[in-house]
Amino acid sequence: MSEAPTAYEHPLMKGYREQLSCGFPQVAEVFEDCMAEALSVLSREGIDAYLEYARFLCKMGRGVEPVLIFLEEWPTIATTLGESALPAISDFIRKMWKSPNGRAIVPFLQSLAATSRRLHSQEQMQDYMNLALAFMERTTGSIHGIHTTFASPGLPEFFTHSPYLLNQVSIAGLKNWVEYGIRNYGDHPERQQDYFSLQSADSRAMLQKERHGTLLVDNERKLDLYLRSLWQTDAHFVPYSLKFDELRKPIPYYDQLGIRLPDVYDDLILPSPPQGEGESDRLPAGEIVISGLDRYRAVLAHIVGHRRWTTAIFADNYSPFQRMAIEFFEDARVEALAMREYPGLRRLFIKLHPKPVEDACDPESTSCLRHRLAMLSRALLDPRHGYCDAQLLDFTQRFHDLMAQGESSTEAIASLALSYVAKTRRQSDQFAKVHFDNTEVDYRDDNRHLWRFHEQSDDEEMFDDHRKIELEEEELQGLPPRHYPEWDYNSQTYRPDWASVYEALHPKGNPAHIDQLLIKHAALAKRLKRMLDLLKPQDKVRIRYQEEGSELDLDVALRSLIDFKSGATPDPRINMSHKTSGRDIAVMLLLDLSESLNEKASGSDQTILELSQEAVSLLAWAVDKLGDPFAIGGFHSNTRHDVRYLHIKGYSEHWDDEVKGRLAAMEAAYSTRMGAAMRHAAHYLQAQKADKKLMLILTDGEPSDVDTKDERLLIEDARQAVKELDQKGIYTYCINLDPKADEYVADIFGKQYTVIDNIQRLPERLPQLFIALTK
Amino acid sequence: MTDKDQYKIRKEPFYQAQGKEVALYEAAYVARLPVMIKGPTGCGKSRFVEYMAWRLGKPLITVACNEDMTASDLVGRYILEANGTRWLDGPLTTAARIGAICYLDEIVEARQDTTVVIHPLTDHRRTLPLDKKGELIEAHADFQLVISYNPGYQSLLKDLKQSTKQRFTAFEFDYPDAQLEIGIVAKETGTDEALAGKLVKIGRTARNLKGHGLDEGISTRLLVYAATLIKGGVEPRDACRMALVRPITDDADIRDTLDHAIDATFA
Numbered sequence: 001m002s003e004a005p006t007a008y009e010h011p012l013m014k015g016y017r018e019q020l021s022c023g024f025p026q027v028a029e030v031f032e033d034c035m036a037e038a039l040s041v042l043s044r045e046g047i048d049a050y051l052e053y054a055r056f057l058c059k060m061g062r063g064v065e066p067v068l069i070f071l072e073e074w075p076t077i078a079t080t081l082g083e084s085a086l087p088a089i090s091d092f093i094r095k096m097w098k099s100p101n102g103r104a105i106v107p108f109l110q111s112l113a114a115t116s117r118r119l120h121s122q123e124q125m126q127d128y129m130n131l132a133l134a135f136m137e138r139t140t141g142s143i144h145g146i147h148t149t150f151a152s153p154g155l156p157e158f159f160t161h162s163p164y165l166l167n168q169v170s171i172a173g174l175k176n177w178v179e180y181g182i183r184n185y186g187d188h189p190e191r192q193q194d195y196f197s198l199q200s201a202d203s204r205a206m207l208q209k210e211r212h213g214t215l216l217v218d219n220e221r222k223l224d225l226y227l228r229s230l231w232q233t234d235a236h237f238v239p240y241s242l243k244f245d246e247l248r249k250p251i252p253y254y255d256q257l258g259i260r261l262p263d264v265y266d267d268l269i270l271p272s273p274p275q276g277e278g279e280s281d282r283l284p285a286g287e288i289v290i291s292g293l294d295r296y297r298a299v300l301a302h303i304v305g306h307r308r309w310t311t312a313i314f315a316d317n318y319s320p321f322q323r324m325a326i327e328f329f330e331d332a333r334v335e336a337l338a339m340r341e342y343p344g345l346r347r348l349f350i351k352l353h354p355k356p357v358e359d360a361c362d363p364e365s366t367s368c369l370r371h372r373l374a375m376l377s378r379a380l381l382d383p384r385h386g387y388c389d390a391q392l393l394d395f396t397q398r399f400h401d402l403m404a405q406g407e408s409s410t411e412a413i414a415s416l417a418l419s420y421v422a423k424t425r426r427q428s429d430q431f432a433k434v435h436f437d438n439t440e441v442d443y444r445d446d447n448r449h450l451w452r453f454h455e456q457s458d459d460e461e462m463f464d465d466h467r468k469i470e471l472e473e474e475e476l477q478g479l480p481p482r483h484y485p486e487w488d489y490n491s492q493t494y495r496p497d498w499a500s501v502y503e504a505l506h507p508k509g510n511p512a513h514i515d516q517l518l519i520k521h522a523a524l525a526k527r528l529k530r531m532l533d534l535l536k537p538q539d540k541v542r543i544r545y546q547e548e549g550s551e552l553d554l555d556v557a558l559r560s561l562i563d564f565k566s567g568a569t570p571d572p573r574i575n576m577s578h579k580t581s582g583r584d585i586a587v588m589l590l591l592d593l594s595e596s597l598n599e600k601a602s603g604s605d606q607t608i609l610e611l612s613q614e615a616v617s618l619l620a621w622a623v624d625k626l627g628d629p630f631a632i633g634g635f636h637s638n639t640r641h642d643v644r645y646l647h648i649k650g651y652s653e654h655w656d657d658e659v660k661g662r663l664a665a666m667e668a669a670y671s672t673r674m675g676a677a678m679r680h681a682a683h684y685l686q687a688q689k690a691d692k693k694l695m696l697i698l699t700d701g702e703p704s705d706v707d708t709k710d711e712r713l714l715i716e717d718a719r720q721a722v723k724e725l726d727q728k729g730i731y732t733y734c735i736n737l738d739p740k741a742d743e744y745v746a747d748i749f750g751k752q753y754t755v756i757d758n759i760q761r762l763p764e765r766l767p768q769l770f771i772a773l774t775k
Numbered sequence: 001m002t003d004k005d006q007y008k009i010r011k012e013p014f015y016q017a018q019g020k021e022v023a024l025y026e027a028a029y030v031a032r033l034p035v036m037i038k039g040p041t042g043c044g045k046s047r048f049v050e051y052m053a054w055r056l057g058k059p060l061i062t063v064a065c066n067e068d069m070t071a072s073d074l075v076g077r078y079i080l081e082a083n084g085t086r087w088l089d090g091p092l093t094t095a096a097r098i099g100a101i102c103y104l105d106e107i108v109e110a111r112q113d114t115t116v117v118i119h120p121l122t123d124h125r126r127t128l129p130l131d132k133k134g135e136l137i138e139a140h141a142d143f144q145l146v147i148s149y150n151p152g153y154q155s156l157l158k159d160l161k162q163s164t165k166q167r168f169t170a171f172e173f174d175y176p177d178a179q180l181e182i183g184i185v186a187k188e189t190g191t192d193e194a195l196a197g198k199l200v201k202i203g204r205t206a207r208n209l210k211g212h213g214l215d216e217g218i219s220t221r222l223l224v225y226a227a228t229l230i231k232g233g234v235e236p237r238d239a240c241r242m243a244l245v246r247p248i249t250d251d252a253d254i255r256d257t258l259d260h261a262i263d264a265t266f267a
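Going down the list, the protein sequences come from chains G and D.
Here the first sequence stands for residues 1 to 775, numbered as in our numbering.
Here the second sequence stands for residues 1 to 267, numbered as in our numbering.
Treat the hints loosely; a few may be bogus.
As the list claims (entries may be wrong) - List of simulated lysine-lysine pairs, DSS-like, C-alpha gap at most 30 Å:
1) G:K728 x D:K210
2) D:K161 x G:K692
3) D:K201 x G:K351
4) D:K165 x G:K689
5) D:K38 x G:K689
6) D:K161 x G:K565
7) G:K751 x G:K529
To be verified - Just a sample of chain G residues kept apart from chain D, beta carbon distances all over 10 Å, derived:
8) A28
9) Q232
10) F237
11) Y253
12) M339
13) G406
14) P511
15) A522
16) E551
Read the hints as simulated data drawn from the structure, not as lab findings.
Every residue, glycine too, gets a C-beta built ideally from N, C-alpha and C.
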C-alpha cells in the first residue's frame with residue numbers, strides 16, 4: 001500500500017472523518033482503529049467506497065449498529081471476497097431497507113464476515129444473497145395483496161444461523177432447506193421462526209438430509225456387512241451428532257450397548273505428501289481422498305481390534321501420562337494385529353493418522369508428551385516415518401520385537417509403555433500448555449474399555465448400586481409409533497418422518513356375526529368354492545399338441561404318421577409337455593376405515609361399512625380356503641400425528657373366531673391418509689416370503705386428512721407410495737367404491753384399480769376380483 | 001451295445017480328501033449302496049464323484065438335472081424315424097445296462113415327479129421298469145446311483161421327498177478349512193501358497209456374509225478361477241473383482257464390502 005504508517009496523521013484522518021460525516025459517538029471511538037485496518041488492506045478507491053457506504057448506513061435511520069458493524073467487518077470481508085463485492089452487497093442491503101425487513105440488516109451484516117469466509121467467492125455470495133432475497137420476498141406478509149407490510153419472521157433468524165448452516169451444507173443444500181421451510185411454514189410466523197432458528201425437529205432433520213458427506217444411516221448395512229465379512233462379528237451402531245457440540249468433539253467409543261459413531265463423515269481430502277514413490281501412485285496428483293465410508297471402516301477396524309485383542313487392565317495405579325502412553329501403545333498394537341490380518345489396512349491407517357512434524361513442539365515452553373506419543377504412534381504404523389529421534393527409534397524397534405513374538409498382550413504392551421514414559425520423561429510435561437496440533441488420531445476410539453478400576457468412586461459410601469430404576473412398570477398401550485416420510489409433490493422431496501403410525505389390535509366383537517354373514521351369502525360362497533377349486537395348485541398339467549415338448553405323444557404321433565404315409569399333411573404337433581401350476585402369493589388387504597364408510601350405500605339400506613364387512617368376510621374365507629398367506633389391516637387418520645393402523649388379521653393367524661371377532665367390530669371414523677398406511681402395511685407384506693406379493697386396498701374415497709389443505713398432496717403421496725411398493729416387488733391394486741373415483745384413482749394406481757359402482761354387489765365382486773388377479 | 005469306454009475317466013482327477021470320504025465311499029460301492037452328496041456349490045462334489053469313478057475304474061454317466069427335465073429324459077423315449085418309432089435309452093437306463101456309476105447332479109432342480117423314477121433302482125429291487133416299452137431292466141452288477149444337491153438355496157418347493165432321501169447314504173461336504181483350501185488352490189493352478197492364502201482369505205470373508213444378502217459364499221471353484229486369471233498375468237485385484245465378486249452378487253453394498261476386503265487383503 002502506498003499509505004505508510006506515517007500517513008495516519010491527524011489531518012488525513014480528519015479528512016476521512018469528514019468524508020464519513022457520521023455523528024454517532026460510538027463510531028468516533030472506533031473510527032481510527034477501523035480506518036487503520038482499512039488502509040492496510042483496501043485500495044484508494046476502495047477506501048472511498050468504504051467511507052461512502054458507511055455514510056449511507058449511518059444515515060439510513062437504523063441506528064448505530066449497521067454502520068459500526070460495517071466499519072469493523074468490511075476490511076476482513078474485502079480480503080476474502082475482494083473489494084468489488086461491495087456494490088452487490090450494498091444493493092442487497094438497500095433492498096432490505098426498502099422492504100419492511102430493516103430489522104434483518106443487522107443480523108445480515110453481523111454474519112457477513114463469517115458467511116463470506118465459508119463462501120470464498122463473489123459468485124457464491126451472489127447465490128447466497130439471491131437465495132436470501134427470494135426468501136425475503138416470499139415470506140414478507142401483505143394485506144390486500146398490494147403492499148408488503150409485515151416483516152419476514154424467519155429472515156433475521158436465517159441470517160444469524162447462516163454461517164453455521166453453510167458450514168454444514170452447500171448452497172444448493174441450503175436452498176432446499178430454505179425452500180422446505182418456506183413451503184411448510186410460510187404462513188405460520190412462530191413455526192417459521194422455530195424452523196429457521198433450527199429449533200424444530202424437522203428443521204434439523206431436513207438439514208441432516210441436505211448435509212454433505214457420508215451419513216451413517218445410509219451406510220449402516222455396508223458397515224454391518226463389513227464387520228460380518230471381514231471380522232466375523234456384528235455390532236449395533238449408535239450414531240452421535242458432531243454438529244451441536246462444537247467445542248468438545250465427541251470421539252467414537254463402544255460399550256455393551258453398541259459402537260458409537262459420528263452420524264456423518266465428510267470425505268477427507270489431504271494434501272499429498274511431498275515424496276514421489278510408492279503409495280500415491282494411483283491418486284490424482286496433489287491430494288489424497290479418503291471416502292467417508294473408508295473412514296467409518298477404519299474406525300470399525302480399530303474398534304474390532306480392541307474387542308478382539310484388548311483385555312482391560314487396572315487403571316488405579318497409573319498416572320494420567322502413563323495411561324495416555326499405554327493407550328497409544330495399545331492402539332498401535334491392535335492395529336498392528338489387524339494389519340497382520342488385512343495388510344491393506346495399513347494404507348488406510350497411514351492416510352488417516354496425523355504426521356506430526358518432528359520439531360513442531362518446543363519442550364521449553366510446552367508440554368510435549370502428546371506430540372512425542374503421536375510421533376511414536378506414527379512411527380509404529382508407518383515404516384517410512386522418517387523421524388530420527390533416538391528414543392523413538394529404540395522404542396519402535398522394541399515394539400516390533402515384541403510383536404514379532406506373537407500377539408503380545410495388553411499387559412506386556414503396558415509395561416513397554418511405562419518404560420517409555422520413564423525414559424522420555426521431561427519436566428516440561430507437567431506444563432499446562434499442551435501441544436495439541438496434529439496429534440489427534442480421529443479414527444481411534446476413546447479407550448474407555450481399556451480400564452478397570454478397583455474403586456468405583458472416591459466417595460465413602462456408594463449409593464449407586466442400590467438405586468433401582470422403577471420407571472419401566474408403566475404398561476404400554478399398543479406399540480410405539482412408527483414414522484414414515486411423506487412425499488411432497490411441490491418440491492419432489494420427502495418430508496422426513498412426517499406421519500406417525502400407531503398400530504393396535506382391532507377391538508373384538510362377536511364372531512358369530514361374521515358367521516351369520518357367511519351363511520347369508522351361502523349361495524355365493526358355493527359359487528366361489530367352485531372357482532377356488534380351479535385355482536388350487538394342481539401339481540401337473542399335461543399340455544398336448546406341442547411341436548416342441550418333453551415327450552412324444554405316441555397317439556398323436558402315430559396318427560400323424562398315418563397321415564404322412566397316406567399322403568396327407570401330417571400334424572407336426574406330436575409332442576406333449578407338462579406344466580406344474582403352483583401358487584406362491586402373499587396377500588395384504590388394507591381397509592379404509594374412514595368416517596365416510598358410515599354413509600348408506602346408494603340404493604341400499606346397508607351402510608358401506610356393512611357391505612365392506614360382508615365382502616371382506618367372504619374374501620377372507622375364500623383366501624383361507626386357498627391357503628395363501630393373508631393379512632388384513634384397517635386404517636384411518638386424524639392428522640399426520642395420529643395415523644392409526646388397526647390389526648385385524650396377521651399372516652400367522654388363522655381364519656378363526658379371534659379374527660372374525662375383530663372383523664365384526666369394524667368401525668369407521670376420521671380421515672384417509674393412505675400413503676402412510678400403505679407404507680406401514682408394506683413392511684409386513686415385505687417380510688413375507690412369496691414369489692408374488694399383492695396389496696389390495698379397499699377404499700371409498702380419495703386420500704385426505706384434516707391437516708392438509710392441498711387436495712393433491714395426499715393423492716401424490718399415495719401415488720409415490722405405490723411406486724415405492726412397486727420397487728419392493730409388491731403389486732398394489734385398488735378397489736374403489738367411490739363412483740367419482742375416476743378423477744384421481746388412475747393418478748394413484750395407474751391401471752391397477754377397479755371402481756365398483758354398484759356397491760351392493762361388493763361382497764360378490766371382491767372375491768371374484770381377487771381370484772381374477774391371482775389366476 | 002453302448003460303448004462303455006467313452007464313459008471311463010482316463011486321467012486321474014486331482015482330488016484332495018478332506019476326511020475319510022474316500023474310504024467310506026468305497027465301502028458304499030462295495031455294497032452298491034446309493035450315495036447322496038450334499039454341499040454348497042463349487043466345494044468339490046462333482047470332482048469327488050469323478051475321482052471315485054476313476055479310482056474304482058468304473059464308467060461315469062453324469063446328468064445335470066434341471067427344471068425342465070422329465071422322467072423320459074432319464075429313462076428314455078421313443079423317437080420318430082422314417083418307418084415308425086424307435087426306442088432310445090436315457091442316461092439312467094444306459095448306466096443300469098452297462099454297469100456305470102450314474103451321477104445325477106443337482107437333483108433338486110429336477111421336479112419331484114421326475115425323481116421318483118429312480119426309486120426302484122435304489123432299493124433291494126435294483127430294477128428299472130420301462131413302462132412305455134414294456135421292459136424291466138435288471139441293473140448291472142456294477143451299477144451305482146449317486147446324487148448330489150446343494151441344500152443352501154433350496155426353497156420350500158425344492159426339496160427331496162422323504163421317500164427319496166431315505167434311499168441314500170449321504171456325505172455332507174463343505175468348503176475345506178483354510179490350510180487345505182490353500183493347498184487345493186495352489187495345487188490346482190500352480191500358484192504359490194502366499195497368493196492362494198490371500199484368495200482363500202477373501203473367500204472366507206464372503207462366506208461370512210451368507211444369509212446376509214449372499215445366498216452362497218465364494219466357492220473354491222471361483223478361487224481357482226481367480227488364481228488362474230492371476231497366473232495368466234491379470235492384476236490380482238482386477239482378477240479378484242472379476243472372478244470372485246462380480247459373479248456372486250448384484251447387491252451394491254455387498255460388492256463394495258467385498259471390494260474393500262480385496263483392497264484390504266492385497267496390501
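Here is what the structure says about each hint:
1. G:K728 x D:K210: Holds. K728 (chain G) to K210 (chain D) sits at ~22 Å (cutoff 30 Å).
2. D:K161 x G:K692: 25 Å, holds
3. D:K201 x G:K351: 24 Å, holds
4. D:K165 x G:K689: 25 Å, holds
5. D:K38 x G:K689: Measuring from Cα to Cα gives roughly 24 Å; hence the hint holds.
6. D:K161 x G:K565: Not satisfied, since the Cα-Cα distance of roughly 46 Å exceeds 30 Å.
7. G:K751 x G:K529: 28 Å, holds
8. A28: Holds, since 64 Å exceeds 10 Å.
9. Q232: 5 Å, violated
10. F237: 14 Å, holds
11. Y253: 23 Å, holds
12. M339: Given a closest Cβ separation of 8 Å, the condition is violated.
13. G406: At about 19 Å from chain D, G406 (chain G) clears the 10 Å cut-off, so the statement holds.
14. P511: Non-interface label stands for P511 (chain G): nearest chain D Cβ at 31 Å, farther than 10 Å.
15. A522: Correct as stated: the minimum Cβ-Cβ distance to chain D is 34 Å, above 10 Å.
16. E551: Not fine: 5 Å to the nearest Cβ puts E551 (chain G) too close to chain D.
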